[in-house]
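Using the sequences plus the hints, can you model the full thing?
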Amino acid sequence: MNERQMNLIQLLLHQNQTGPELAKKLTASKRTILRDIHALNDELILIAQITAVQDGYSLSISNEERFNQIFKTTATDAELILFELATRDFVTLDDLSDILFLSKPMLSEKIALLKHNYTKRLKIISKKNYGHFLDEPKSRKVILLANLILQKPAFFLAKLGLAPTLLEQLTENIRNARDAFSYEHAHSAQIASLCVSIYALHYDSHLTDTKINDCLRQSDMSFSDDIGSMIRTFLAEQNQIIDSITTGKILDLLQMTYDEHQAPVYDMELAVSLANHLKRSIAYPIILADKKLHNIANIKALYPLAFDLSIHFIGLVNQTFDVLIYDIDLVGLYFSCAMDRVKTAPIELVLFSNQYAVASINKQTIERAIPEVNVTLAMNAAELQNALQNQAVKLILNNHDGPLPTVSITSYTIRQIMTEMDLRFIRDLLEKIDIERHLEDYFPQTLTAQFKNEEHATWHTVIQDLTTSFVEKGIISASEQEKIVSRESEGNNLVINHLAVPHCTTNRGTPFIGIFVHLEHPVQIEGETVQNVLLSCINPNVRNELKIFSYLYYTLNKIDSSVILSWQTHAEFMASLKQKD
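To convert, take the position in the sequence shown, counting from 1, and add 137; that gives my numbering.
Source of the hints: derived by calculation from the structure; they are not laboratory data. As the structure is a computational prediction, the values presented were derived from the model and not from experiment. Fair warning: there could be bad hints in the mix.
What the hints assert, rightly or not - Simulated DEER-style distance windows between Cβ atoms: (1) V190 <-> A708: 16 to 26 Å; (2) G193 <-> D226: 40 to 50 Å; (3) N313 <-> N178: 36 to 46 Å; (4) Q705 <-> T595: 18 to 28 Å; (5) D272 <-> T595: 20 to 30 Å; (6) T188 <-> N139: 15 to 25 Å; (7) N694 <-> Y493: 33 to 43 Å; (8) D565 <-> T188: 27 to 37 Å; (9) S687 <-> N313: 47 to 57 Å.
What the hints assert, rightly or not - Computed cross-link-like contacts, DSS-like style, restricted to lysine-lysine with a CA-CA straight-line distance of at most 30 Å: (10) K296 <-> K162; (11) K348 <-> K296; (12) K252 <-> K416; (13) K241 <-> K265; (14) K252 <-> K275; (15) K531 <-> K695; (16) K241 <-> K161; (17) K275 <-> K386; (18) K715 <-> K695; (19) K589 <-> K161; (20) K162 <-> K252; (21) K275 <-> K296; (22) K695 <-> K167; (23) K247 <-> K257; (24) K167 <-> K264; (25) K348 <-> K257; (26) K260 <-> K241; (27) K264 <-> K247; (28) K695 <-> K569.
For each residue, glycine too, the CB sits at the ideal point set by N, CA and C.
This is how it looks when you write it as structure tokens:
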């Protein structure tokens, strides 16, 4: 099994991938990817299988134990290079060539790629006539080696000359002696990997300890130096940082994030959740480039502001506590949950019925299933008209045996007791009603633009030039431009089915504005081809407008990607949005 095939398995391990996605990420042709899949299926017969599914290729594992034996006893070239960098003061191409059996030109390419992938995580320095080394403190090397050991214990323990079962044995002993470590925010296997890493690399110590040494010796680890003191010192230094993170300080950072984005989406629950999450992240940082556990592109599209807030918040955390936190996606999920908790004015519905008992049951069912709604009962035409005159009713639910009086409000008919299908339909309908009613206001034709970007220009150049032209025309403000360009430079760009949606928060009077722009030449944004842009400014204080992103996500993903890529005008864009299922 070659490295490309190993990486292919890694990509499929946590989420399905299409053939073009695999080809791009592995820098190989689609034909090569197909050959690799056939070869892997032959090699992994009765262990795992790669199959074609609706959204690409899927990996199903039938023998977990054998699968782990294969993949946890083999390392990629990138992992091997990181291991050598962590365990040596410097390493030369000659050294790596002997270890990886690769030519120097190929190794130079791999190191360049490694530097690129770890730009924000590790300082990998190359010096002529000297070699390559990690310009990092010892604590960071300890964490990196611990990550490698925890990910593939048998392989890297063997590289260190240790028994392949050591981590498992040490983990069990630590589990039975947790009090000896005073390290509550990491689990036992993580602590075990840190212990083995410090055992291999050593660490300057200033604290004494005997209990940890006893635990190590019970795991058949032999040593002359006081490894327990080294481990105690390392854990105490991490605990010192952890203790500085309080709910009060997190609330201060959330307030600063609110001041920047004018987005009132935080509460005490969010502050407590983030404080605990950060403590766990500092207790055991993950330096290795993360393999996404889940595809959360749909959540990012539904809550783009939540992930914008998480980027800003993590920047403040890193600056305030002098730490490096990378998991923007997880923090973004905490923010998206908080956004759902923000209290808003209830959505007014009227249930028109002539059977009070049935109507009461349906009212309770709706309000329990959809907490943000308030249902008013109207038992006759006069009560219905009165409700429409005195409330901002969004939807009429017709639960009446007779016909519904003529009204201008959208209605939905329920027969007797509500079903789960009725509830799902009502949820979807509520999301769409206001948005579809105001599509022309949200996406005005008067602001649409055709933008002549240079062929092969980068997305960073395109968004910089595009927003500059909009500032000059008075379409957006300089502060809005600054926010958009800054957000787009962070990565994790919002692209929904080949439509780029750069966005920012705004203090302008309008709740939401989306400007359709057709680019003369397509651009690549994180591997996705884009030729149309929907530049958006959001008022975060208007909760309903945030649902526009939910509407866009579900509507755009129902449209064939070739149609979206073929759009050239605002009219084509709007026609696709208005097209009924």
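Going through the hints against the structure:
1. V190 <-> A708: 16 to 26 Å: Since V190 and A708 have Cβ atoms about 36 Å apart, the given range 16 to 26 Å is violated.
2. G193 <-> D226: 40 to 50 Å: The hint (40 to 50 Å, Cβ to Cβ) holds, given that G193 and D226 are roughly 44 Å apart.
3. N313 <-> N178: 36 to 46 Å: Once the Cβ atoms are compared, 42 Å apart, the range 36 to 46 Å for N178 and N313 holds.
4. Q705 <-> T595: 18 to 28 Å: holds, 22 Å
5. D272 <-> T595: 20 to 30 Å: The hint (20 to 30 Å, Cβ to Cβ) holds, given that D272 and T595 are roughly 28 Å apart.
6. T188 <-> N139: 15 to 25 Å: holds, 21 Å
7. N694 <-> Y493: 33 to 43 Å: With a Cβ separation near 42 Å, N694 and Y493 satisfy 33 to 43 Å, so the hint holds.
8. D565 <-> T188: 27 to 37 Å: holds, 32 Å
9. S687 <-> N313: 47 to 57 Å: Given range 47 to 57 Å: holds, Cβ gap about 48 Å.
10. K296 <-> K162: Judged against 30 Å, a Cα distance of about 29 Å means the pair holds.
11. K348 <-> K296: Distance ~27 Å between K348 and K296 Cα, so the pair holds.
12. K252 <-> K416: holds, 28 Å
13. K241 <-> K265: Roughly 14 Å between the alpha carbons, so the hint for K241 and K265 holds.
14. K252 <-> K275: holds, 19 Å
15. K531 <-> K695: holds, 25 Å
16. K241 <-> K161: holds, 24 Å
17. K275 <-> K386: At roughly 28 Å apart (the allowed maximum being 30 Å), K386 and K275 satisfy the hint.
18. K715 <-> K695: holds, 12 Å
19. K589 <-> K161: Given that 30 Å is the threshold and the Cα spacing comes to 27 Å, the pair holds.
20. K162 <-> K252: holds, 17 Å
21. K275 <-> K296: Measuring from Cα to Cα gives roughly 20 Å; hence the hint holds.
22. K695 <-> K167: Roughly 26 Å separates the two Cα atoms, so the pair holds.
23. K247 <-> K257: holds, 17 Å
24. K167 <-> K264: violated, 37 Å
25. K348 <-> K257: Given pair K348, K257 is violated - Cα atoms ~37 Å apart, limit 30 Å.
26. K260 <-> K241: Holds, because 21 Å separates the two Cα atoms, which is no more than 30 Å.
27. K264 <-> K247: holds, 16 Å
28. K695 <-> K569: It holds: about 15 Å lies between the C-alpha atoms, which stays within 30 Å.
Violated hints, listed in ascending order, are 1, 24, 25; each of the other numbered hints is respected by the structure.
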